[in-house]
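Student: Sequence order for the protein chains is A and B.
So in this note's numbering the end of the first sequence lands on 392, straight run, no missing numbers.
So in this note's numbering the end of the second sequence lands on 1072, straight run, no missing numbers.
It should be emphasised that the hints constitute simulated quantities derived from the structure, not laboratory data.
Possibly wrong hints are sitting among the right ones.
Claimed, not checked - Mimicking DSS-like on lysine-lysine, the simulated pairs with C-alpha atoms at most 27 Å apart in a straight line are: (1) K355/B <-> K476/B; (2) K882/B <-> K358/A; (3) K476/B <-> K356/B; (4) K358/A <-> K652/B; (5) K356/B <-> K882/B; (6) K652/B <-> K882/B.
Take a look at the letters that make up each chain.
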Amino acid sequence: MKHTPPAEVIPLWNLSEGSCARIARVLGPSDHVHRLDEFGLRGGTKIEMFRPGNPCIVRLSGNKVCLRTDGLLEVLVEPM
Amino acid sequence: MIAAAKTRTFTVALVGNPNTGKSTLFSGLVGVHQHVGNYPGVTVEKKTGRTSFAGLRFEVIDLPGLYSLAPRSRDEMVVVDLLLGRQRGAAVVDAVVCIVDACNLERNFYLVSQVLELGLPVVLALNMLDVAERRGIRIDAARLRRQLGVPVVPIQANRRIGLPQLKAVLADTAAGAVGDIVESAGKTHPLQRMGLSSGVPLNILPDRCLHCGATGRPEDCGEDAAGTAAMAPDAARVHSTPLPDEFEAEVALLESELAEESNRAAGGPLPRCLVRRLLLDTNGYLQRTLLDDSDGRWASRLAAARERLAAAGSPTPAVETSARYDWARRVLEGVVVEPGHYKTTPSDRIDRVLTHRFFGTLIFAAVMLIVFQSVFVWARPAMEWIETLTGAAGGWVEAHVVEGALRSLMVDGVIGGVGAVLMFLPQILVLFAFLALLEDCGYMARTAYLMDRMMARVGLSGKSFIPLLSSFACAVPGIMATRVIENERDRLTTILVAPLLTCSARLPIYAMLIAAFIPAHSYLGGLLNLQGLTLAGLYLLGIVTAMIFATVFKRTLLRGETPLFVMELPGYKWPSPRTVFMRMAERGWMFLRCAGTLILLVSILVWAALYFPHDPNATHQEQQRNSYLGQAGQVIEPVVRPLGWDWRIGCAVIASLPARELVVATMGVMYHLEDKPGPGDRRWSEKLRQATWDGTDRPVYNVPVALSIMVFFALCAQCAATLAVIRRETNSWRWPAFTFSYMTALAYAAAFVTYQVGTWVAG
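Kindly produce the complete structure, drawing on both the sequences and the hints.
Tutor: Written as structure tokens, this is what we have:
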């Protein structure tokens, strides 16, 4: 498995299929960020890319969620 | 105590995240004794059911699936008000069953933490432990009981495992609640008020207090572990929050200011959890709803409080999520053991195909084809059967009732009108059965994912897709299904364009006119046929127009950015026939009630307009011409003439105002057919071809006229049931009035262009 330095932060859409990452930051209007927070997509959460693209499908603690991040939101992740 | 418990009905609310099996649990608890209605003025479905066990009566309320109790709209406010006992016309909730998905405890506990703050007795139903085990997640339920401090009952809602235990705990909770009232309100330990005082069968007595036990601040709570009374319930509730002390201090300050001013619209002090929400809701919805803030005083106070909090390192609203997730982590410490790596589940394997950009889309198209084919093919026998039955009912009335206004009213008004609606019930039931099936097995969420890219292009999200899909059968359920769209503007846009999609009520008109006027030319060796192509063209016309108008509305009237699209994809499962049947029956009944009552009323009005003023000596044709409707038709003839229509078609259009499908019946009456025409009936086609303009031998109908009528009906809003449901869902007459106006103008313009261009091409 390829190891990336922990400091590297990339946008979610750049995460390749099957790779795991930890969400570093969610950027966007505070209401959207709060909604994603409540949904469970927040800084520190571990995710795994199931199907890249926009919208993409990520695995979030065992379940799958789909998410579109265009213009409104930017989800930055640290690949693990 | 028991006697008191037996004489009352206990209200239990079911709360949980979406896809946690909440509705399955609801059905498991109450069986078929369900009732679906609406809370006044909002679209939140009021799903309640009655049941009794352990000698006690219960009313169970199934609340919509939520991720958070933070109200951002009136619909979400209803849920919070209901739980707080502030909802007018609803029973005060005695206890809450919080259902959580064992695979996702930390995320689910965000909502649990908010529910616990309400100060109501809570029972936690831990669902889908079996699925969690299969995924390699291990959960120590006994430890969870101890660390959470409320009863935890493991269940498998779909197999009804654990329901007897859950009922036993609920019964004990109810008895405990009455015990409180009978003994002395507020003099019991909060845990006792949670129904844990006696006789709990599952060894679920917690040994620590709510929140405090886990945080190790028993001294703050003022309760001792033995459970003796030391504090009034309200005071105990104050402590039931994981939010930091500096935040609670601001809440206390705001609470006292509110009490001093007492300028709120509703009487009584605001519950503390709403005061917390006032501080957290940076969007301002609650401030507008709960406070009379004409001078902006509260806005500045709230802003100042938020600034102080930000300076103290607790910025709103982020402080809430971090505090609640921290709490969840503490409570779940040692409870959940997650696998290092998630196993590939059968759901994953299915998703590799079904969410694939190419194969997934292909399969999706095939599924849609099967659904539509079935809607039309499977429903046909039942539709014919209903047609025969209404015909027989009409015949019976004609044979047994003396000729006159009453008989005419019963046959043409009541039976004809209701029959027109009943005819579509089989199609609607087949469609609902499919939708329920796709939803229950988990596929529906994938269709929203697949269609999101396309919907985003017109400014909507994948969540608008399912309502629009339903609109191909009938706009009424389609519009009702828009409730899943959180964003108000997107919901409204979806509602406004849904009636443009070709519903099944347009089919009889298309079938009739296509059979009569479009030649059956074949192309590509019989693969394509002009009649079929015309029908496909009319469907396409609806789709393209809906897309254009969605884009236009999202850029002008309902301007807003493309909505956030975040949605959970539930694991696939075998659909439960019971759930599918219940959902189909529930939706079917709602359609009947909504559409049936209204159409009955309007078809009686149309009948009266055709029957009066009544001249018993007049011929059928004279009667029509002189009736109120006939007169109206002649008045509007100059308006409809540019579309190529004579006054009779104008009459039929007016008469079909309540429902498009009535146009076929009205034209039958207009052209004086003894029997009701069936689509494709040759004699009926002949009659139409023979119809001439009054006083001439120039035929009324030709291909451009037929096309202009079809295009008009493709785009017009001739459906009272749709307009009524828009009124109900938007809670205003403005939107149905707008829908009617823009669609009628559009239909007229398009019919005009069709006729003029058609005549020019043909001539």
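Student: Each hint should be assessed against the structure and marked as holding or not.
Tutor: Here's how the hints hold up against the structure:
1. K355/B <-> K476/B: holds, 22 Å
2. K882/B <-> K358/A: Answer holds: K882/B to K358/A is near 25 Å, not above 27 Å.
3. K476/B <-> K356/B: OK: K476/B and K356/B at ~19 Å, within 27 Å.
4. K358/A <-> K652/B: Within the cut-off at roughly 16 Å; holds.
5. K356/B <-> K882/B: holds, 24 Å
6. K652/B <-> K882/B: Roughly 17 Å between the alpha carbons, so the hint for K652/B and K882/B holds.
Hint check: no violations occur; every hint is consistent with the structure.
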